[in-house]
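Since the structure of chain A is already known, use the hints to place chains B, C, D, E, F and G on it.
Just so you know, the protein sequences line up as chains A, B, C, D, E, F and G, in that order.
Using our numbering, read the first sequence as starting at 1 and increasing by one per residue.
Using our numbering, read the second sequence as starting at 237 and increasing by one per residue.
Using our numbering, read the third sequence as starting at 473 and increasing by one per residue.
Using our numbering, read the fourth sequence as starting at 709 and increasing by one per residue.
Using our numbering, read the fifth sequence as starting at 945 and increasing by one per residue.
Using our numbering, read the sixth sequence as starting at 1181 and increasing by one per residue.
Using our numbering, read the seventh sequence as starting at 1417 and increasing by one per residue.
Mixed in with the good hints, there may be bad ones.
Below are the DSS-like pairs computed for lysine-lysine, each with C-alpha atoms no more than 27 Å apart in a straight line [what the hints assert, rightly or not]:
hint : chain 1 : residue 1 : chain 2 : residue 2
1    : E       : Lys1072   : D       : Lys942
2    : G       : Lys1544   : E       : Lys1178
3    : A       : Lys128    : F       : Lys1415
4    : G       : Lys1544   : E       : Lys1179
5    : D       : Lys820    : D       : Lys926
6    : B       : Lys471    : C       : Lys600
7    : D       : Lys820    : E       : Lys1072
8    : G       : Lys1624   : F       : Lys1308
9    : E       : Lys1176   : G       : Lys1544
10   : G       : Lys1648   : F       : Lys1308
11   : G       : Lys1650   : F       : Lys1308
12   : F       : Lys1292   : G       : Lys1648
13   : A       : Lys112    : A       : Lys218
14   : G       : Lys1528   : F       : Lys1308
15   : A       : Lys112    : B       : Lys348
16   : G       : Lys1544   : E       : Lys1072
17   : D       : Lys820    : C       : Lys584
18   : E       : Lys1056   : D       : Lys820
19   : E       : Lys1056   : G       : Lys1544
Rather than coming from a laboratory, the hints here were simulated on the basis of the structure.
Owing to the predicted nature of the structure, the values given are computational and were not obtained by experimental measurement.
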Amino acid sequence: MSEERDTGSNNNNSNFGFSGTTSNKGYMSYYGPGGRMLLVESALEAVGRGSTTIGIKTPAFALTSSYIKPTRPLMEPSEKIFAIDSHVGATGSGYIGDILQSIDELRIEAQKHRLTFESPIDVASLVKHLSSYLHTYTIYAVRPQAASIIIAGMDQMGTQLYQVDPGGTYFRGSAFTIGQFSDSALSLIQQEYSADMSSEQAIQLSKKAIERATGEDKPLVGTGIVHAEEGKFKKL
Amino acid sequence: MSEERDTGSNNNNSNFGFSGTTSNKGYMSYYGPGGRMLLVESALEAVGRGSTTIGIKTPAFALTSSYIKPTRPLMEPSEKIFAIDSHVGATGSGYIGDILQSIDELRIEAQKHRLTFESPIDVASLVKHLSSYLHTYTIYAVRPQAASIIIAGMDQMGTQLYQVDPGGTYFRGSAFTIGQFSDSALSLIQQEYSADMSSEQAIQLSKKAIERATGEDKPLVGTGIVHAEEGKFKKL
Amino acid sequence: MSEERDTGSNNNNSNFGFSGTTSNKGYMSYYGPGGRMLLVESALEAVGRGSTTIGIKTPAFALTSSYIKPTRPLMEPSEKIFAIDSHVGATGSGYIGDILQSIDELRIEAQKHRLTFESPIDVASLVKHLSSYLHTYTIYAVRPQAASIIIAGMDQMGTQLYQVDPGGTYFRGSAFTIGQFSDSALSLIQQEYSADMSSEQAIQLSKKAIERATGEDKPLVGTGIVHAEEGKFKKL
Amino acid sequence: MSEERDTGSNNNNSNFGFSGTTSNKGYMSYYGPGGRMLLVESALEAVGRGSTTIGIKTPAFALTSSYIKPTRPLMEPSEKIFAIDSHVGATGSGYIGDILQSIDELRIEAQKHRLTFESPIDVASLVKHLSSYLHTYTIYAVRPQAASIIIAGMDQMGTQLYQVDPGGTYFRGSAFTIGQFSDSALSLIQQEYSADMSSEQAIQLSKKAIERATGEDKPLVGTGIVHAEEGKFKKL
Amino acid sequence: MSEERDTGSNNNNSNFGFSGTTSNKGYMSYYGPGGRMLLVESALEAVGRGSTTIGIKTPAFALTSSYIKPTRPLMEPSEKIFAIDSHVGATGSGYIGDILQSIDELRIEAQKHRLTFESPIDVASLVKHLSSYLHTYTIYAVRPQAASIIIAGMDQMGTQLYQVDPGGTYFRGSAFTIGQFSDSALSLIQQEYSADMSSEQAIQLSKKAIERATGEDKPLVGTGIVHAEEGKFKKL
Amino acid sequence: MSEERDTGSNNNNSNFGFSGTTSNKGYMSYYGPGGRMLLVESALEAVGRGSTTIGIKTPAFALTSSYIKPTRPLMEPSEKIFAIDSHVGATGSGYIGDILQSIDELRIEAQKHRLTFESPIDVASLVKHLSSYLHTYTIYAVRPQAASIIIAGMDQMGTQLYQVDPGGTYFRGSAFTIGQFSDSALSLIQQEYSADMSSEQAIQLSKKAIERATGEDKPLVGTGIVHAEEGKFKKL
Amino acid sequence: MSEERDTGSNNNNSNFGFSGTTSNKGYMSYYGPGGRMLLVESALEAVGRGSTTIGIKTPAFALTSSYIKPTRPLMEPSEKIFAIDSHVGATGSGYIGDILQSIDELRIEAQKHRLTFESPIDVASLVKHLSSYLHTYTIYAVRPQAASIIIAGMDQMGTQLYQVDPGGTYFRGSAFTIGQFSDSALSLIQQEYSADMSSEQAIQLSKKAIERATGEDKPLVGTGIVHAEEGKFKKL
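Pulled out of the complex, with its shape left as it was, chain A reads as follows (with noise of 0.2 Å):
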């Protein structure tokens, strides 16, 4: 995606001036009008109408949570946070065949790191190889991955929190917010945010915020944490 993107929001208006013939649309073009890449950008489409899902980092913990649907009778809910390593946990809005693959890649990337170094790779370094690795499928002529994925871990440097775009972007900040109206799900964090909050607090403004953007009373989260003190990320 664009520096310029508004990263606040995922609310993608693709008013490209394509409502007569959408036929330029297809992959072969990869820039549409502007120099905008098209295909990445209908990636992000589909991540705006993902599951809400926060992340929200203080010097003491970093969390990852997500809205996870309620799902009709007798279906369980979908898997919505993901360790990594024992150190590092994920979540990702979007198609969930790609939030998968883009797991799947973090966490053979860990693997890899362990085997080959015997410590812990550093959350930076993890960012990067998810950003170089989705950046590839936007040059070939292949589908660009649908999923945006908030990656919050603990390393040397400290707690840390990440997000990373279809195209590649990556942003590092305390909150982030993705999915089906996160804009408002960001404003309710912004406002009630402090670093010196408790993890107890996160998880109930994080709560709040889905509550916020789904409309729902009580919806069902999903939640995952690390603290600075222990450094192991923990499903709850």
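Leaving out everything else, chains B, C, D, E, F and G in the frame of chain A:
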């Protein structure tokens, strides 16, 4: 498929606004308006026109059953229940050729695991393998497989029931229905399901559900079941 | 082909709504409206224009017979009945080049089995091999084979009769008809078939059915048969 | 080509309904309306515009002859009769480059057989090889060869005469005509052919037939013949 | 190119009925209406716009000559006569890059033959090699070469003169003309050619023919010749 | 990009006359009207929408600075200044994924040189490598990278400043501006630049220029600098 | 490019009749109406918009000179004169990335020759190598290089001057002009050129010609020259 898919329904209304010209629904686009994966949705439409197929699981057993279309005289009905390994079975809905391809893939993976680890594969691993296998077809310029597969098995974690969709998405639960009019089949099962029902009751329920979905009186139904106590998948 | 296909009829009315522009019927789409596999349906249409071809099986024998179009003077009619192995024969309808390709594939598979296991291949394995072979052509950007094949044989399970369609779908039964006006041929066979008919009666029935389908008086018919007691496929 | 093709006529009226837009006649479709193989039909059209070419066989001999278009002064007529092996010859109609390619393929196959089995190849094997070779061009995104080949030879089964068409279809018979106005040439041959005619009479007949087809008086004709008693193919 | 091509004329009127839309003239079609090879015809059109080029052969010599367009001052005219081996020369008309490619191909083939057989290659083999080389470009999704080549040489069979066209078609004769207005050049040569003319007379004739075709007075002409007695190709 | 590009401006007005239909702006054309490289121009358009980015060089130092878009609260600004080797740094404008890819390419090339020659790479070689790397993406059917890179370094030839554009074009100079409204940034720098300005003055100038381009008051700016005397690139 | 190209003019008026729809100007067509090579013509159009570039040769020297567009302040003009080997230099007009690619190709070829034969390469061989290299890009589905190159050198045959065009066509002469308004530059040179002019006069002439073509007063011009007596190419 997207996370947002109403997982209890295969009734994909693909009103993509392609009424006038369908020229953009071609493969090379990968994505349509709103970031939809067009070919995978087409594959799901094909599944939605397949035989009504059901999976039911309780702690005591996991069963799959599938409507077998009444064939004309002198033709044998198609096999719809497939043994994957001694402890796992599967059924599917969609293009027969694609279902068979997925079944083969499952069988080979189960055998590979036995050869490598000298133990039966757990059902979740089998499901993830099929998911990843189907996902690959969504990235390149090939045809995504038009088959949803229901997998029923028994492993160390107890009885297992999964549904895997064309794009590689999978679900875990106690009851699944796919194929034609699967919604009405599902609503009946949701009404009458009980975790302590007997396998005989479940078999009757699946037949009744298929009856309702197909509108046929005493439809031909294929069934396979694995009981927790025996751990062997058997076709009835 | 889809499970929903009315398996007794090859009369594919492809009213896809492509009347105005056919531009989307191109290959790269793989799927048309409703998740239909366009190219495979085209291949089936070609089969539906092929010679009327019949398979009949009783516990005592399995036979294949095919209408041989009256050639002009000085041209020999085409071979329509093919020996695959000593215990199996086949016939087909569709593009001759595609039929021959499938016949070759069957012959080679049968020989491979003999060389590897030093025993004749069972008919179901042969059928599954052809099914998988034809299915492959539906996934990539190549031309799906336009041939339906009827296979008649004898193995440890008794007499066998199968039909394999362009997309890899296959059926087992006691009577199959493919090609032009195969519906009317089938209805006659369904009327007159009896499991204890003699092979001579069956041969006459197949001729009568072809007569009806083609509207010709005493049409030229090629026939091959395997009797349960001898287990040898012979062309008549 | 399809089985339904009227094998005595090359007069392909390709009224595919493509009058308005021809955009779908492109290669990537493989199939047109009704399951027709468009490119192979185009190749046949090209053959139908080629030189009138004839094959005649009796138990005593097999001959091929081909109209040689009157060239302008100072240009030698093209070679139209090709020796394949000492006992087999061939001729063709269509694009010269494609004919030559098929001739080469036949020659190499004949030589391979001699080297491997130290015996001359039988004509049917040669024909099947060419058929399979030409069929391959109909499956992938390449150009199907626009050449029909008539092969005349002598082997242990006696004199042989075959026609092989662009899609790999082949015919066996006592008389073939391909190329421009081949229908009128054929009707004459059918009228005057007799199984006990002398080779001299057959040569005269073929010349007369070409005369009628081309409307030319004393057209230039190339001829090759193999007599049953000698078994050697000779160009006259 | 087709056998039907009027071999004395390069004046390809490509009235394909593509007046309105030319969208089907694309490469992926290979064939146009009536089985025409569109790209090869395009290549021939390009040849028809090339420099007027001539070949003349008698038993005593074979010569090639080509119009050399008057270049602007300070630019040397392009080389148009190429030595292939000591006994063979060539010239061509069409895209210069394509001509050069064909010339290279001929030179390499001639050298290969010398290295392998320690004898000069016969001209027919050289021609067949170029024919096959050019034919390959008509089968795959690449650009057919836009060059017609005239080859003049001397081998054990005497003097030789051939023309090879873009699709791989070749002709043998005593006089060829290709390129712009080659028809009028040809008619003059046909009028004045005599098998016992001297080489000097032939050179004058070729100049006169080019003069007539180009409408230029004393046009610049490149000439190469091989005499039967010497057997060496020399540029004049 | 073309030589004719007004190198001081990234304000690509792509009025290609494609207003009505944009269907020809697809990739497979490579060239548009007038020989324009369409995809590279699209990539340049994307660069023109990127963050305003600046490079300034005097004999005493070379610096790069880039506007860092104010992120929303709780998100860290993106890294915009990258160390390539101890003596070289870079920045870029365009798609972040593409910038990162180019940065990686530069870093790897610098390391390769150190390993091979045991000396730091000179800046011109680094620039030529990136130029050639980006150029390759313009030849094949892949996506040209949408990133312009400014490289600042110090080698035996003194301080160095280069700009490399998407098509592989590069420029050498004392001041570059790329990205949004880079023209107005450039005109300020041209006005106030002096070869003997101090690095502090240059840093202030670059900030002022970004301020003018972005219209923001005290915009966030990332800066990196290498001084001729130290020869070390440092991020400020 | 075609032989028919008016070699003194780069002013390609591409009135292909593509005014209405440009959809056929895509790459996959290779040929347009009349057998024109569309992409190569597009490449030539790009060259025609490049910097005015000149080559002049007398028996005593060969020089190349190229207009260097006045850059904005603080940007160094691009290098336009390239040393290929000690005895050869080159310049070009068109896309800079493509020019650089050709220059690299020339340099590598020259070095290869030195390593293999331990002698400097003759200029004609160098030119033929570049011609063949550029020609390859016109056959496959890649982008033909948009660069015309003027090569000036000295070898055993004396001073040499060549022009190589995008499709691989090359010319030899005493004066070449390429790029914008090269026609008016050429007419001046043709007027004032004399084979015994001094190199100083030639340099002045080339400057005057560029002045006229560009309409600029005292334009910046890059020049390289090789004198017959020294045999070393030097940039001035």
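* Asked: For which of the previously enumerated hints does the structure constitute a violation, in increasing order of number?
  -> The structure breaks hints 5, 8, 12 and 13; every other hint is satisfied.
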